[in-house]
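Chains as they are written, first to last, in full-length UniProt numbering: chain S, 1 to 159; chain R, 1 to 159; chain U, 1 to 159.
Hints are computed from structural coordinates only; laboratory data are not their basis. If you're wondering where the values come from, they're calculated on a predicted model, not measured in any experiment. There's no promise every hint is true.
Note that identical chains are pooled: a pair holds if it fits in a single copy or bridges any two copies.
Stated by the list, open to error - Cut-off 20 angstroms, straight-line C-alpha distance, at most; resulting in silico cross-link-like pairs (SDA-like, lysine to any residue):
(1) Lys5 <-> Gly72
(2) Lys67 <-> Asn99
(3) Lys96 <-> Gly59
(4) Lys63 <-> Gly87
(5) Lys63 <-> Ala110
(6) Lys80 <-> Gly66
(7) Lys97 <-> Leu61
One-letter residues, chain by chain:
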Amino acid sequence: MTKKKKTTIILFSGDYDKVMAAYIIANGAAAYDHEVTIFHTFWGLNALRKDENIHVKKGLLEKMFGKLMPRGVNKMGLSKMNFAGFGPKMIRNVMKKHNVLSLPELIEMAKDQGINLVACTMTMDLLGLQKEELLDHVEYAGVAAYLADAEDGNINLFI
Amino acid sequence: MTKKKKTTIILFSGDYDKVMAAYIIANGAAAYDHEVTIFHTFWGLNALRKDENIHVKKGLLEKMFGKLMPRGVNKMGLSKMNFAGFGPKMIRNVMKKHNVLSLPELIEMAKDQGINLVACTMTMDLLGLQKEELLDHVEYAGVAAYLADAEDGNINLFI
Amino acid sequence: MTKKKKTTIILFSGDYDKVMAAYIIANGAAAYDHEVTIFHTFWGLNALRKDENIHVKKGLLEKMFGKLMPRGVNKMGLSKMNFAGFGPKMIRNVMKKHNVLSLPELIEMAKDQGINLVACTMTMDLLGLQKEELLDHVEYAGVAAYLADAEDGNINLFI
């Protein structure tokens, strides 16, 4: 029996285009039978946020950060040519025209393909995000779990 | 016979400094006899654009994106300290002073060393770029080809 | 005897949050007994700058760049939500509250754990940085040394 190949992605960025790149690579790798993990840290955590406002107790600073950060991928901007939100709208239009899956669909597909969606607990603390605010099927771990995954992986990326 | 070592770089960024970093690593790896592929996606595709205006049929949105994105590396900005285009000029001056190869020279060298320069067809569609607008020696592929390259690679980077 | 596992990080970015991510991964890997190297290039070099003003002879352009780039990690901004320097202050406050090590402490710990902190000599030239301006325990090397490290590494990241 051969060992399964492994792809592990650290998703640090919260830009629409970079999150999209991460999820396209991840879904591709899962389709080719890799064991895939996306480790969401810092701004990448926003990809896992529910899009409604969840009421949880927070300090003032955490409340501010929570308000200012995008709730889910549809609120994200592009890393380039954002044009005050026009860029992402345009990209989404072109994606529909070319029958490319939207980002929420790519995340849904990742879940269906059994990709491990992990949220970094340490940066959740830093940004004041709580489990109630994130999607239901998310796992929680720290840098030790990432290293255990990545150290015998085939493809390791930081996005 | 030992297998050749392999370096595979996803070039997502269209910043002058990051493109330069990608091509320096790639040329270095080729010099050390690695099989090297640079997979250009999203803004990284602009590194492969011809610098003249190529007439191709496009929709309105695609035309706009095409106009707004840099045609080739000499039009790119820096990821930091761009100062409205002064930063890249300054970097280019210092490069000349220190006999560092310019970015067009690094791309030429990559071609001469047999580095595979691949353009991601899916993001070409998204940004409205057509084959006529890209350099002549470019190959065209998708995420499956990237994964096949990267999964038994030694060095995999996302830049 | 089994060979030590290896983690090699190219730190290209000079953003507070990305430098923090790099040093957290590096310290984690060292704690799990990896041989770890952080190769600082371009804006990542600023993480190695002493925070006082060091007098060295420079050309005009190099002097300007030196003045405009942050001296050490405490002067760095965030890649997102910087708010004219308020963002990093806020992050540092929350880090203290949650007993997360500060970035200067993470760099000190990296040194104590025997992590190789390497400065890329070619980009030092480009940005006009001299050895006297960088921390004392730094090593100096180029892309060839990076490739030798990374080509048989377990985890390779570009941050």
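Hints and how they fare:
1. Lys5 <-> Gly72: neither (30 angstroms within a copy, 36 angstroms between copies)
2. Lys67 <-> Asn99: neither (33 angstroms within a copy, 24 angstroms between copies)
3. Lys96 <-> Gly59: between (40 angstroms within a copy, 14 angstroms between copies)
4. Lys63 <-> Gly87: between (28 angstroms within a copy, 14 angstroms between copies)
5. Lys63 <-> Ala110: Classified as neither: same-chain Cα gap 30 angstroms, cross-chain 33 angstroms, threshold 20 angstroms.
6. Lys80 <-> Gly66: between (23 angstroms within a copy, 13 angstroms between copies)
7. Lys97 <-> Leu61: So Lys97 and Leu61 pass the 20 angstroms test across copies only (12 angstroms; inside, 41 angstroms).
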